[in-house]
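Got chain D sorted already, so can you dock chain R onto it with the hints?
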Amino acid sequence: MSDFALKIGFWNVNKSPRAISLAAQWALEAGIDLLVLIECTEQPAFMLQKLNDNAPYFFYSPHFALTNTNIHVFSRLRESYSKPVLEESGFLARDINLPLHESFTLAIVHLPSKLYYRDEDQNSYAHEIGMLINSLEKRRLHKRTVVIGDFNMDPFEPGMVASGAFHAVMDRHIAQRKTRTVKGHDHTFFYNPMWGYFGSNGRGKANGTYFYPKATPVCQYWHIFDQVLIRPDLLDSFADSSLVIHTEIGGQSLLREEKIDSSVSDHLPVSFVLNLKQANP
Amino acid sequence: MSTENLWPADLADKRVTTPKEILVAQEVHFNRMMNNVLVATVDSYGGPNEGEFIHRLIISAPSLGNYSLTLLRCTHTLKLYPVKVINQVESMQFMPKDEHDLKLVLGQIFSSEVVQRSIVALKSQII
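For the protein sequence lines, the chains are D and R, in the order given. Sequential numbering from 1 applies to the first sequence in the working numbering. Sequential numbering from 1001 applies to the second sequence in the working numbering.
Keep in mind that a hint or two might mislead.
[Said to hold, decoys possible] Chain D regions said to be covered by chain R (calculated; three or more residues, Cβ under 8 Å):
# : stretch
1 : 36-50
2 : 63-75
3 : 115-127
4 : 153-166
[As the list claims (entries may be wrong)] Restraint ranges, calculated between C-beta atoms of paired labels, are given here:
# : chain 1 : residue 1 : chain 2 : residue 2 : range
5 : R       : Leu1078   : D       : Thr179    : 44 to 52 Å
6 : D       : Ala30     : R       : Asn1066   : 31 to 39 Å
7 : R       : Ile1126   : D       : Ala279    : 26 to 34 Å
Since the hints were made in silico from the structure, they are not lab data. Predicted model, so just to flag it, every value in this text is computed and none were measured. Glycine included, every Cβ here is placed at the ideal spot set by N, Cα and C.
Isolated chain D, as found in the complex (with noise of 0.2 Å):
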């Protein structure tokens, strides 16, 4: 028996209908088998029209209990192979358990904008995002954890890289060492590929995930705000190379004047492939 390719895909949509119809065509093109939408507005049932227009391969994996929330989650495979394991607002975790091969957890943010919350408080609240991975894995009994969505910081910024945070490093061979202690705690690292996207000499087709021209003196105009991190466990599943900022959908570009098009969405979908080794007996 070989690995399994799982293909994820995430993209928030904000809202935007014409987004979301373009989601369920993306989801057919990349064939992707996992799709995450962030700020869907849209009924999962239309979702799941749209994607099984031709043949019935998804099916719509549910919350347990959170009713008010707008992340969505679809799925090649059945519910009982991808269960949540935690609700809260702006943060899923799933177990994705596939028969014969390595389970392993899906969590899935959707952080406060920087509309509403400043850097500090972006901060604060990654911290405790960390550390409520930290007590999930522990009740799951290991930690092969992926962590995907709009987290709305860049890849740099204090609550992407703090040890009490999500303590994620652009550089593989330093995750692999696993961990790393900081005042006599010892804190796991996540792999952060997106680094290596950023700008126009970037691995990517575009020079980030979205765009925001600010009138400040300080002004970057791309971010990198969509993420994947992966933690070391998992890293022998993860090929850099499978990493993907999507910028066209069906012939359409997402991009405009070298911007992203905000008519469809102001945020590009990303995916990856995860090679799910063998379970051992």
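Quick look at chain R alone, frame taken from chain D:
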């Protein structure tokens, strides 16, 4: 040298109920009401800033693979009050100024229609 005691006479008797004590009491009430079919837990840890404390009130369903729903989180400093309380189901924030206020806010969150719907939905999947 004066040996007069300048401390308030009742200082040793004064006590404030901490936010954690109030939350733990609610945890006990919930578990009794739900016969441990759903289990409330208060998860506490230090915040990112010196002297900051965070408590999460989490509802878990042991028979659903220990699925958990964070109901609310409280953040406070060494002064205990005011407490920042966030209803994590509805993303609503409150700032009770003392223990009386905190109890009012908790009661309000627990009675909220959306929170009740979430708990009932969870319980209905078990029983």
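Chain R over the stretch 36-50 of chain D, status - at least 3 residues with CB closer than 8 Å: violated (count 0)
Distance restraint evaluation - Ile1126 (chain R), Ala279 (chain D), Cβ atoms, bounds 26 to 34 Å: Roughly 28 Å apart at Cβ, these two residues keep to the hinted range, so it holds.
Status of the given 44 to 52 Å range, CB of Thr179 (chain D) versus CB of Leu1078 (chain R): 29 Å, violated
Outcome for the supplied range 31 to 39 Å, where the beta carbon pair is Ala30 (chain D) and Asn1066 (chain R): This hint holds: roughly 34 Å between Cβ atoms.
Coverage of the stretch 153-166 of chain D by chain R, judged on three or more residues with CB within 8 Å: Held - the stretch 153-166 of chain D has 3 residues with a Cβ nearer than 8 Å to chain R, which meets the minimum of three.
Within 8 Å of chain R (C-beta), three or more residues of the stretch 63-75 of chain D: Per the Cβ count (5), the hint holds.
Coverage of the stretch 115-127 of chain D by chain R (three or more Cβ within 8 Å): Answer holds; 3 residues pass the 8 Å Cβ test.
Hints 1, 5 from the earlier list are contradicted by this structure; the remaining hints agree with it.
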